[in-house]
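Chemist: Here are the chains, one letter per residue:
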Amino acid sequence: MKLRLTADMLVDEVLERVETLSGQKLRACYQCGRCSAGCPVVEEMDIIPSEVIRLLQLGQVDEVLSSKTIWICASCLQCASRCPKGVEFSSICDALRAIVLRTRLATPKIDADGLTRVMMSDAPQMGVVGALRKLNG
Amino acid sequence: MGERIGVFVCHCGTNIAGVVDVKRVAEELADYPGVAYSTDYTYMCSDPGQNLVKDAIKKHKLTGVIVAACSPTLHEATFRRAGTAAGMNQYQVEIANIREQCSWVHRDNKEAATEKAIRTIKIMVEKARLDEALDPISVPMTPRALVVGGGIAGIQAALDIANAGHEVVLVEKSASIGGHMAQLSETFPTLDCSQCIMTPKMVEVAQHPKVKLMTYSEVDDVSGYVGNFKVRIRKKAAYVNRDVCTGCGLCIEKCPATTPSEFDEQLADRKAIYTPFPQAVPNKPVLDAEHCTYFLKDGKCGICAKVCPLDCIDYEQKDEFIDFEVGAIVVATGYDLYPIENLGEYGGGKYPDVVTSLQFERMLSASGPTGGEILRPSDGEVPKEVVFLTCCGSRDTESHLPYCSKICCMYLTKHAMLYKHNVHEGQAYVFYMDVRTGGKGYEEFYTRAAEEDDVLYIRGKVSKIFEEDGKVMVWGVDTLSGKKIEIAADMAVLGLATIPNQSAAKLANMLKIHADEWGFLSEAHPKLRPVESLTPGFYLAGSAQGPKDIPESVAQASAAASKVAALFAETEYHREPIIAVIDEDTCAGCRVCVSVCPYDAAEFDDEKKVARIKEAICEGCGVCIAACPSGSAQQKNLTDEQLYKMVSAALEV
Amino acid sequence: MKIPYYPGCTLHERARDFDDSARECAMALGVELEELPVWTCCGAVYPLVTDSVMDILAGVRNLSYASRLGDKVVTLCSFCYNVLKRCNNVMRDDAEKREKVNLFLRADTESREKIESYTLEDYEGQLEVLHYIEMLRDVVGYDKVASAVTKRLEGLKVAPYYGCMLLRPKKEMKFDDPEQPTIFENLLEVLGCDVVDFPMKTECCGGFQVVNDEELAVSCSQNIVVSALKREADIIVTTCPLCRYNLDRHQERMAERVDGFTSVPVIYFTQLLGVALGIDKEHLDFTDNSVDPINVLAEKSLL
Ligand SMILES: Cc1cc2nc3c(=O)[nH]c(=O)nc-3n(C[C@H](O)[C@H](O)[C@H](O)COP(=O)(O)OP(=O)(O)OC[C@H]3O[C@@H](n4cnc5c(N)ncnc54)[C@H](O)[C@@H]3O)c2cc1C
Ligand code: SF4
Ligand code: SF4
Ligand code: SF4
Ligand code: SF4
Ligand code: SF4
Ligand code: SF4
Numbered sequence: 001m002k003l004r005l006t007a008d009m010l011v012d013e014v015l016e017r018v019e020t021l022s023g024q025k026l027r028a029c030y031q032c033g034r035c036s037a038g039c040p041v042v043e044e045m046d047i048i049p050s051e052v053i054r055l056l057q058l059g060q061v062d063e064v065l066s067s068k069t070i071w072i073c074a075s076c077l078q079c080a081s082r083c084p085k086g087v088e089f090s091s092i093c094d095a096l097r098a099i100v101l102r103t104r105l106a107t108p109k110i111d112a113d114g115l116t117r118v119m120m121s122d123a124p125q126m127g128v129v130g131a132l133r134k135l136n137g
Numbered sequence: 001m002g003e004r005i006g007v008f009v010c011h012c013g014t015n016i017a018g019v020v021d022v023k024r025v026a027e028e029l030a031d032y033p034g035v036a037y038s039t040d041y042t043y044m045c046s047d048p049g050q051n052l053v054k055d056a057i058k059k060h061k062l063t064g065v066i067v068a069a070c071s072p073t074l075h076e077a078t079f080r081r082a083g084t085a086a087g088m089n090q091y092q093v094e095i096a097n098i099r100e101q102c103s104w105v106h107r108d109n110k111e112a113a114t115e116k117a118i119r120t121i122k123i124m125v126e127k128a129r130l131d132e133a134l135d136p137i138s139v140p141m142t143p144r145a146l147v148v149g150g151g152i153a154g155i156q157a158a159l160d161i162a163n164a165g166h167e168v169v170l171v172e173k174s175a176s177i178g179g180h181m182a183q184l185s186e187t188f189p190t191l192d193c194s195q196c197i198m199t200p201k202m203v204e205v206a207q208h209p210k211v212k213l214m215t216y217s218e219v220d221d222v223s224g225y226v227g228n229f230k231v232r233i234r235k236k237a238a239y240v241n242r243d244v245c246t247g248c249g250l251c252i253e254k255c256p257a258t259t260p261s262e263f264d265e266q267l268a269d270r271k272a273i274y275t276p277f278p279q280a281v282p283n284k285p286v287l288d289a290e291h292c293t294y295f296l297k298d299g300k301c302g303i304c305a306k307v308c309p310l311d312c313i314d315y316e317q318k319d320e321f322i323d324f325e326v327g328a329i330v331v332a333t334g335y336d337l338y339p340i341e342n343l344g345e346y347g348g349g350k351y352p353d354v355v356t357s358l359q360f361e362r363m364l365s366a367s368g369p370t371g372g373e374i375l376r377p378s379d380g381e382v383p384k385e386v387v388f389l390t391c392c393g394s395r396d397t398e399s400h401l402p403y404c405s406k407i408c409c410m411y412l413t414k415h416a417m418l419y420k421h422n423v424h425e426g427q428a429y430v431f432y433m434d435v436r437t438g439g440k441g442y443e444e445f446y447t448r449a450a451e452e453d454d455v456l457y458i459r460g461k462v463s464k465i466f467e468e469d470g471k472v473m474v475w476g477v478d479t480l481s482g483k484k485i486e487i488a489a490d491m492a493v494l495g496l497a498t499i500p501n502q503s504a505a506k507l508a509n510m511l512k513i514h515a516d517e518w519g520f521l522s523e524a525h526p527k528l529r530p531v532e533s534l535t536p537g538f539y540l541a542g543s544a545q546g547p548k549d550i551p552e553s554v555a556q557a558s559a560a561a562s563k564v565a566a567l568f569a570e571t572e573y574h575r576e577p578i579i580a581v582i583d584e585d586t587c588a589g590c591r592v593c594v595s596v597c598p599y600d601a602a603e604f605d606d607e608k609k610v611a612r613i614k615e616a617i618c619e620g621c622g623v624c625i626a627a628c629p630s631g632s633a634q635q636k637n638l639t640d641e642q643l644y645k646m647v648s649a650a651l652e653v
Numbered sequence: 001m002k003i004p005y006y007p008g009c010t011l012h013e014r015a016r017d018f019d020d021s022a023r024e025c026a027m028a029l030g031v032e033l034e035e036l037p038v039w040t041c042c043g044a045v046y047p048l049v050t051d052s053v054m055d056i057l058a059g060v061r062n063l064s065y066a067s068r069l070g071d072k073v074v075t076l077c078s079f080c081y082n083v084l085k086r087c088n089n090v091m092r093d094d095a096e097k098r099e100k101v102n103l104f105l106r107a108d109t110e111s112r113e114k115i116e117s118y119t120l121e122d123y124e125g126q127l128e129v130l131h132y133i134e135m136l137r138d139v140v141g142y143d144k145v146a147s148a149v150t151k152r153l154e155g156l157k158v159a160p161y162y163g164c165m166l167l168r169p170k171k172e173m174k175f176d177d178p179e180q181p182t183i184f185e186n187l188l189e190v191l192g193c194d195v196v197d198f199p200m201k202t203e204c205c206g207g208f209q210v211v212n213d214e215e216l217a218v219s220c221s222q223n224i225v226v227s228a229l230k231r232e233a234d235i236i237v238t239t240c241p242l243c244r245y246n247l248d249r250h251q252e253r254m255a256e257r258v259d260g261f262t263s264v265p266v267i268y269f270t271q272l273l274g275v276a277l278g279i280d281k282e283h284l285d286f287t288d289n290s291v292d293p294i295n296v297l298a299e300k301s302l303l
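So the sequences go chain by chain: A, B and C. All residue numbers in the first sequence are consecutive under our numbering, ending with 137. All residue numbers in the second sequence are consecutive under our numbering, ending with 653. All residue numbers in the third sequence are consecutive under our numbering, ending with 303.
So that you can see chain A by itself, here it is in the shape it has in the complex:
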């Protein structure tokens, strides 16, 4: 594995979008990994939260946008709560989802079948509304 790094890879429209949408400064993250260490769903992620930020720091936007991670995050805010640098990964994650959904890079997470299933389930309303807002935009 090799990454040939160039200066212009580090200035990217989408990267800027991530920063403005999330309100977070990517370079503020010093890669302590605490966000990943405390995440309750990290087991299921293909790229752990701190690595997502690292990849963004290295300009690797595509890899991040196509990751499973951003759809697994449960928005529990534990990462943000304990980050020593005040970086909210949860907000970065929301921003990444928003970018994917708004630019239609992928279809909404819950498809037509899923929607029927969701509507029929006995899950509380707020869970359904929450999921649709987070995962379908």
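In case anyone wonders, no lab produced these hints; they're calculated from the structure. Positions of the beta carbon are idealized from the N, C-alpha and C atoms, including for glycine. Please note that a few of the clues may not be correct.
Estimated spans, in silico, between C-beta atoms of each pair [what the hints assert, rightly or not]:
| no. | chain 1 | residue 1 | chain 2 | residue 2 | range |
| --- | --- | --- | --- | --- | --- |
| 1 | A | Ala28 | C | Gly30 | 41 to 51 angstroms |
| 2 | C | Gly260 | B | Pro551 | 53 to 63 angstroms |
| 3 | B | Glu373 | C | Arg92 | 49 to 59 angstroms |
| 4 | A | Gly137 | B | Gln101 | 49 to 59 angstroms |
| 5 | A | Gly137 | B | Leu534 | 54 to 64 angstroms |
Residues of chain C placed beyond 12 angstroms of chain B at every Cβ, according to the derived structure [unchecked claim]:
| no. | residue |
| --- | --- |
| 6 | Ser52 |
| 7 | Glu203 |
| 8 | Val296 |
We have chain A already, so just place chains B and C with the ligands on it with the hints.
Modeler: Below, chains B and C with the ligands without anything else, positioned relative to chain A:
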């Protein structure tokens, strides 16, 4: 208008000349009223530059000099010396700053920069016109030092000053000197026993004929100024006549009341009458009234008084106050650990097997509560797996402290290593963000821990610790492999951040010396004056100034001591005469100045019914001058008239 | 005493037991929860992207309604509490967003006035958004709660589960210490319970992810339930319908995954409060639980 002022415009290579048209500046100033001579030169501070000034003073019979150059903090002294050498009073040499405050900040507008330089110099010409010849104020020097704090830094400073032949009063608030170093087991990077290298120094300072050691004492009040401080020390009631006590320890043995020992970091108990540790200096007990049955239950108990063969116990003893005159004060109040309660994610102190670094240090100590064995506080078992956590509260801009505590990487490495020396089959893990090993032999020490003692370093910050099934569960991460790490350990040790001693803030306030926003004492200059406070006469030693290990604390203590010795080498101390002065003829005697002066330098003359400034104390802060309703208080060489003319020149009115 | 109350959609539908028990308890404590005459869903999740204006409109609309009734609004569901409180903070602190959202509120009023007489006033973040527990502590007072207790829950080991949304983000919610909160424990002590302090009380149950990825929610909830069980909790109490759902509904699945798993009932804290206040169990509505709490409560002679 008899003044003849010389103007010397410096190019500073291209630093100034690259932006400011120096030739034009010199030419314009030549025509300014009162200017008798004006010139420019590449480097004014060089020898030829200085000679240019000296020669011009003589040749043109100058009455004042303006050097238009860099900031006065750099070369004011240089040019004042040059002036003096040419027979001019040094307070008639002035600097106009056309570098830091002009050429450097106006690089993109040369024309405006040149205009500003001209105006800046004109302002100083207006000042110089009315500058009086002044003499530095000399005050007598009391060659005795006060050292506050009896940790390794305070001990070292006291010894060095005493060995230079000066008297020292060493004040320590607890019952023994030694500070935190006395609590340590073995010390990085050489693993020598802390007690063994420390005890001789403790004894030496206590027995030194020039040192007056005052333990269980605190500074109560300080007044005066460099060379002439008056300090009042409060000797706290120990309820033991410590002058007579031989330290036989009978009272301690028989005392029925116990409380957790501060020295053993709450891992063991001490008695209500106690010496903090066996090698304490002085090895004489104090009675802690807060935990003593006699005091808590109205006279019930009194056992210590009964058993003491020398009748030392005195329940009626009161705090005593002792006054000293000293010329310099060294502050060496040391550090504390960041409270574990602030780290709720690690249990905030509620899990017995999650210990602080100083607690672990006590466990490692052969004279500690476990006799040097590593045993879990919860059940006394030998822990098979121990997790060490760096940066607990440090390097956290969000919820804790932003700075690096500097010593924890090293002491946790030492802990992991010593744990392995104790428990051979055990496994030590260190969670780290960076292993900071900037010191002689430190990197080698860390390498040894990782390679020879098989300490596993894991790069990541632990998010949470909790207890489950009798284990200490650690949720960490390894950012190098991208995996969340969970360890079911037997014990965890927190490398808590270093914070200033909690009593230091109050002390700093009383001494009127600066501390940074975290409470560490501020040095006068971060590079060039690292052991002095900005307030003259105060010196800083050890971890009171910032996190430090032992070698650094000792080095700083010796440096502070040598500064004190240099100060004491003179019998008089010279101060700047730019201070307030009161015109007795116009003073209305309202005493406003007396009430506003923060240094108590304004006093009232009851006979003449006017106020007067004590020259030796006035710092020239200007508060009284602003407050005086009759305009009688004036700053020397910065009088209202001068200021008015300077402002007029600035506004070109 | 009347306090404006925002129930939120779930409490009107699938968490009626939460709503009913909360109203009953409030009544017993001399508080009338005055339901807002008009209200809508708050949106359930607070948007974490910065360009969200439309997304907070729903929350603000409800705050604007509530501001007509008083200076406080009480809510129960952790998600509603989180959304309302954060919307309130934005309206109070962010002038630019306040301006924009208020423009929407005005447009809203204009379009609806034709249908019904209905107005929304500009909103400035002036309300105090309270969680029901905060109301008990600060408005009613725990001492008053204590004196209203008719049946002390002695011997009942209760694990209080906070979840995420009450506590985080800590700077905005300011609800309690985000790592070692105690407000819930203090209430339970007032009721006479044996409080079970368990380390997973602030971990996430999986939240809305249950809708899309049930396995994920089962794993998350399992950690929490097992941790409470290890400390011999008789019962777990929650403040959120989604947490309740996740912790309660998946226990059969947990039993398949964890050796020696025994089930533990999960109820709303208001239901337990109701028991302590001596409210008839019919009003507390213990019918919606997968793991029946009645047995446990009866065993301890509390019902
Ligand atoms: C766990 C741990 C392990 C360590 N291991 C090592 C090691 O192996 N090697 C190494 O080089 N360094 C080590 N250190 C660092 C070492 O402890 C410090 O460098 C050293 O103790 C600093 O000495 P000090 O005199 O500046 O401060 P302190 O030791 O804190 O001494 C300050 C003294 O001042 C007194 N005092 C405070 N306020 C007042 C007041 N207002 N009036 C009167 N007296 C006052 C205090 O009671 C105390 O006696 C370790 C530190 C820790 C926490
Ligand atoms: S916790 Fe914060 S600083 Fe640490 S890796 Fe995550 S985002 Fe970066
Ligand atoms: S907000 Fe998302 S990424 Fe952050 S800890 Fe929770 S689940 Fe993990
Ligand atoms: S009076 Fe009793 S309790 Fe107090 S110090 Fe003496 S022996 Fe101990
Ligand atoms: S018994 Fe008396 S002499 Fe002995 S240590 Fe105690 S106070 Fe000192
Ligand atoms: S010295 Fe090491 S452990 Fe201590 S704060 Fe600095 S980096 Fe962290
Ligand atoms: S304030 Fe002025 S007038 Fe008043 S006493 Fe002081 S010098 Fe005199």
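Chemist: Each hint: holds or not?
Modeler: Checked hints:
Against the hinted window of 41 to 51 angstroms, the Cβ-Cβ separation of alanine 28/A and glycine 30/C comes to about 50 angstroms, which satisfies the hint. For glycine 260/C and proline 551/B, the Cβ-Cβ distance of about 56 angstroms falls inside the hinted range of 53 to 63 angstroms, so the restraint holds. Here the CB-CB span from glutamate 373/B to arginine 92/C is close to 57 angstroms, well matched to the stated 49 to 59 angstroms. Between glycine 137/A and glutamine 101/B the Cβ separation comes to about 55 angstroms, which falls inside the hinted range of 49 to 59 angstroms.
Taking 54 to 64 angstroms as the suggested C-beta distance range, the pair glycine 137/A and leucine 534/B conforms, at roughly 58 angstroms. Against chain B, the non-interface label of serine 52/C holds: every CB pair exceeds 12 angstroms, the least being about 23 angstroms. A beta-carbon of chain B is positioned within 12 angstroms of the beta-carbon of glutamate 203/C; the least distance is around 9 angstroms. Residue-level check passed: valine 296/C sits 24 angstroms from the nearest beta carbon of chain B, beyond 12 angstroms.
Consistency note: the structure conflicts with earlier hint 7 alone.
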